[in-house]
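Read off the chains here:
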Amino acid sequence: MKWNSIRTKVLAALAACLLAGVTGTLILLHYSFVRNSEALASESVNSAQRLFRILEARETSKMAAVADTLVMNPEVRDAFAAKDRSRLLKVTAPLYLKLKEQGITNWLFHTPEPDMSVFLRLHAPAKFGDRLDRFMDREVLRTHSLVVGNELAKAGFAVRIIRPFYDSHGQLTGYVEFGEEIGRFIHEMKSQTGDDYGLLLSKRFVSRQFWTDTNASLKRRDNWSDHPNFVVADNTSATDNIIQFQGDLAMLAKQGTALERFNVGNSVFVRGIFPIFDAANHAAGAMFVVRDISGTYLAMRNTQNLLVLLSVVSLLLGALLVLTLLNRLVFRRLEHIIGVATRVVGGDYESEILVGSRDEIGRFEQLFEQFRCVFVDLLANVPEFQERK
Amino acid sequence: MSVLYELRGLIEQKIKADGLDDVQIKGEIGLRSGRLISLISPRTPDDPLAIAKLRQAVKEVLKISL
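Residue numbers (my numbering), protein chains in the order written: chain A, 1 to 389; chain B, 390 to 455.
Quick caveat, the hints were computed from the structure, so don't treat them as lab data.
Errors might be hidden in some of the hints.
[As the list claims (entries may be wrong)] A few chain A residues facing chain B, derived, Cβ under 7 Å: (1) Glu181; (2) Gly183; (3) Arg184; (4) Thr342; (5) Val345; (6) Gly346.
[Unchecked claim] Restraint ranges, calculated between C-beta atoms of paired labels, are given here: (7) Ser430(B) with Val376(A): 34 to 44 Å; (8) Leu11(A) with Asp407(B): 43 to 53 Å; (9) Leu354(A) with Asp407(B): 39 to 49 Å; (10) Leu307(A) with Ser454(B): 11 to 21 Å; (11) Ser430(B) with Glu335(A): 53 to 63 Å; (12) Leu438(B) with Leu323(A): 21 to 31 Å; (13) Asp407(B) with Glu335(A): 15 to 25 Å; (14) Asp407(B) with Glu369(A): 29 to 39 Å; (15) Ala406(B) with Leu354(A): 31 to 41 Å.
Don't be surprised by glycine CBs; every beta carbon is placed ideally from N, CA and C.
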């Protein structure tokens, strides 16, 4: 291979084009994948948030409907009005078992103001008489109407409803409250979407002692020290390793944040997080979302390989076509001119240059043929040439 | 007889001995040396530069030193 030949230069240019084409394709596809994974992470956060709100709305509607029905139940109404705890427990306990199957884990009756203490806990009947004084309690006292919201209490982070309770004469006899653990939601969300979720609680709203007691009662590891700003209350994954977040839950954007992409073995995941606000509108918790995008990644890799292959094949075909054309239109005809010129100088004055076309090389062929004729004519007048004849 | 003519003779002998294409070889040597081999006659005056160019062209084309 001659390094200074046009053929080599064209080949080098085509190889550079091939390299640039493949590199460009790879860069473009990588950029596209990064954008797609970011979009998937955002989508996983948005869809998780949407699903969470749907579940929240569904469960609060269910609890509100149960509370409304309960107010109309004369047995319950009379027992509560009479402040007969054992009778109230007796008439409500069978219903509580059924509601518990539906996910309603907390059911409380509260006495009316001014003290508003717990009159009966269906989920812990032996424990009563304490004052909770939570934001939702203050709200129901203030509004005397249904209050809905998430509240972090000793029983955990739960979506709750609390409403006034009246006797048969319409007199306020207290309040009834239902609650459902938000931790339960993430398992339902996983079964619907296949994504993994983690429920995080801000340490600002959880006391260290409460967390120790909760873990002891649930017989699970005390994970208080795992993260600086929050604790993992529940998780659909086998381990807490998927939860990688160092920020402050209070600083999270309301619409959530897509976090980074990461790999575990051959699988590719994206993660994101969105805040969960309590009834007082504090970001008391957050939901961590992890979506497996291996399928998308694999499809992208297949597309990438296909595009690279297509680029290489098309550029090789292009190179072959260009070289064939150059050979036919330029190189072969130049070699013919060189051959004729050499033979004329060597003494074959009859060799002619055939003009193949009227293109640029054709004009050169014509010029060279004219030059050959002049040369031979000139030679005919040289004495040595005449002697040779 | 000039040196140039002697060289012409040696070139023709070599071409004949090796069965080479007479016109092609003379053409290549002629183009490299800048001289038409067939026009070199016994009376062609010797020119040191022309002799050197012809020897160099022979060396390049026929790979021999004359």
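Quick rundown of the hints versus the structure:
1. Glu181: violated (95 Å)
2. Gly183: violated (91 Å)
3. Arg184: This interface hint is violated because 93 Å lies over the 7 Å limit.
4. Thr342: holds (4 Å)
5. Val345: With a minimum Cβ separation of about 4 Å from chain B (threshold 7 Å), the hint on valine 345(A) holds.
6. Gly346: holds (3 Å)
7. Ser430(B) with Val376(A): 34 to 44 Å: violated (19 Å)
8. Leu11(A) with Asp407(B): 43 to 53 Å: Given range 43 to 53 Å: violated, Cβ gap about 35 Å.
9. Leu354(A) with Asp407(B): 39 to 49 Å: violated (30 Å)
10. Leu307(A) with Ser454(B): 11 to 21 Å: With Cβ atoms ~59 Å apart, the hint is violated.
11. Ser430(B) with Glu335(A): 53 to 63 Å: violated (32 Å)
12. Leu438(B) with Leu323(A): 21 to 31 Å: violated (42 Å)
13. Asp407(B) with Glu335(A): 15 to 25 Å: The hint (15 to 25 Å, Cβ to Cβ) holds, given that aspartate 407(B) and glutamate 335(A) are roughly 23 Å apart.
14. Asp407(B) with Glu369(A): 29 to 39 Å: holds (31 Å)
15. Ala406(B) with Leu354(A): 31 to 41 Å: 33 Å Cβ-Cβ, so the 31 to 41 Å window holds.
In summary, the numbered hints that this structure violates are 1, 2, 3, 7, 8, 9, 10, 11, 12.
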